[in-house]
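Model the full assembly from the supplied sequences, consistent with the hints where possible.
Taken in sequence, the protein lines are chains U and P. If you want our numbering, it's the 1-based position in the first sequence plus 6. If you want our numbering, it's the 1-based position in the second sequence plus 33.
The hints are simulated quantities; they were obtained by calculation from the structure and are not laboratory data. Check before you lean on any hint, since a few could be wrong.
Straight line, CA to CA, 30 Å or less: simulated BS3-like cross-link-like pairs of lysine-lysine [said to hold, decoys possible]: (1) K130/U - K173/U; (2) K110/U - K130/U; (3) K130/U - K9/U; (4) K110/U - K111/P; (5) K110/U - K9/U; (6) K60/U - K217/P; (7) K68/U - K217/P; (8) K111/P - K60/U; (9) K60/U - K9/U; (10) K111/P - K217/P; (11) K9/U - K68/U; (12) K110/U - K68/U; (13) K173/U - K204/U; (14) K110/U - K217/P.
Covered by chain P, per the in silico footprint, the following chain U stretches (three or more residues, Cβ under 8 Å) [as the list claims (entries may be wrong)]: (15) 81-87; (16) 94-106.
A quick note: this is a predicted structure, and the numbers were derived from the prediction, not measured. The C-beta atom is built at its ideal place from N, Cα and C for all residues, glycine as well.
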Amino acid sequence: MLKVRGLEVFYGPIRAVRGIDLDVESGEIIALVGGNGAGKTTTVRAIAGLTPYKGTITYDGKPLTPNTAELNLRAGLALVPEGRGILGRMTVEENLSMGTYCRKDHAEAARDIERMFERFPILKERRHSLANLLSGGEQQMLAIARALLSRPRLLLLDEPSLGLAPKTTTAVFELISSLRRDGLTVLLVEQKARQTLKIADRAYLLETGRVVMSGRAADLANDSLMSQAFLGGATSPEIGSP
Amino acid sequence: MLLQQLVNGLTLGAVYTLVALSFSLVMGILSVLNIAIGELFMLGGFIGFAVIASQLPLPVALVVAMAGACTVSIIIQKIAYEPLRDAPMITPMLSTLGFSIILQNIVTNIWGSDPLQLPSELFDADFTIGPVRIGFMQLVVIGITIVLVAAVAFLVQRTAAGRALRAIAENRDVARLLGVSVDKTTLLAFGISGLLAGAAGVLISLHYSAITPYIGVDIGLKAIAVMVIGGTARVWGALLAGPLIGIAEVMTIAYGGSQIRDFIVYGLMILILLLRPQGLLGGPRSDVGQRV
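What follows is the structure in structure tokens.
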């Protein structure tokens, strides 16, 4: 479904991503794990079309043009960015309407918004509040719901657990698993490697802009190198946990 | 007397509001000061004047002036803004300054540099309510302003295009991720801005029943002051600051003398910059939109 070959992204003279190859098959949850500065966020931003890049990204067999986020969305590729990307000066309902901005089927889109309210009752309760008044967990739900309203086939999630309480994090991970059961393909960027590997099918471990390990998530979870570097020993805390 | 001055101040304030709204649509959404808006306003005034002078009714003058200013605004977007989008903020501002001088030059060449008077029979009618005399044209100016502001408010607050404008103003990347085209939305902001400036130009020529090629500089700068006082990051600041400045100016002329009118307006602007740089209606300072 998604093929990334030789991806390179520069920030001025700095090469943040140094030749990444990546494959996502339909129906999978793929995890991109790694520490700070590994290039995870830069990689998904490039895939979503927010930054220029070198290399090729093909989606459904067609090459994507760099830096064309609005076209990529219409092709079925949605990103929930790091920090959730809530439009805080708009209401919850307006944020959800923005999720359907790219759609032409207005009546069906309006019904989809109501369905989202049923799926996330907390958003229905707060539908007229300004989005920046929501809690972190509610904002993450809003961000995911808004992304779903564009009816993507591939959902990119950049650190959805960032800044969330452990209980809320668990709820977000459960939501991601349920999205896959609905037929969605997910590319998940996370620092919380242990929880991520539990729900992912396959994973890529990134370090300083390169893939240093990839394979089945279960294998990575049991790998000793991975375990030492990112999952922590039995006594040390998990990376990224508060 | 005081009430009469209030009405006069509101009329002038209505025009300031429209021009300031025109500035702040571009400024609040794209963080770019389009200096040429003052001249779009002046151009609107001349186009409106030409249409009225050829015996056509006011609504026609209004529509033609708005369309003309909107077209020029879009040309400015294409030439003076679009190619310089990634340049430092000062660059597109300077190129719009260039455009404003060119526009002034064109108008001076077509209509001359002397003030043009509108036929006075247009402005004869007035109403008297107690001690207050309200000219028919004052009502027209205030009425059209209310209708235009309501239309812009509806567009920005209630339509998908308006939500796209607000999304771009708040977070460009997120707006793009939601499918908003930055190019089209920028064009829309410049277009509406031109429509408002063009309408305001017609209204000011009705208010003064005259127009000069230099009015754009005078009123344009004052509208920038209005925008600053209202809050540059908040489009609606102009609704409060426009009437406020109009009334302050008229009161200053009535009770203090016309030689100190600009002292009051710009003094107020400096005071706001020192004490409340985000403007009367501005949110927290961190809330200011980024460049697009």
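Hints versus structure:
1. K130/U - K173/U: Within the cut-off at roughly 21 Å; holds.
2. K110/U - K130/U: Holds, at about 24 Å.
3. K130/U - K9/U: 37 Å, violated
4. K110/U - K111/P: 28 Å, holds
5. K110/U - K9/U: 28 Å, holds
6. K60/U - K217/P: 27 Å, holds
7. K68/U - K217/P: Within the cut-off at roughly 25 Å; holds.
8. K111/P - K60/U: 29 Å, holds
9. K60/U - K9/U: 14 Å, holds
10. K111/P - K217/P: Since the Cα atoms of K111/P and K217/P sit roughly 11 Å apart, the hinted pair holds (cutoff 30 Å).
11. K9/U - K68/U: The given pair, whose Cα atoms are some 10 Å apart, holds under the 30 Å limit.
12. K110/U - K68/U: 23 Å, holds
13. K173/U - K204/U: With Cα atoms ~16 Å apart, K173/U and K204/U stay inside 30 Å; holds.
14. K110/U - K217/P: 17 Å, holds
15. 81-87: Coverage by chain P holds here, the residue count being 3 at a Cβ distance below 8 Å.
16. 94-106: holds (count 7)
Hint check: a violation occurs at hint 3 only; the rest are consistent with the structure.
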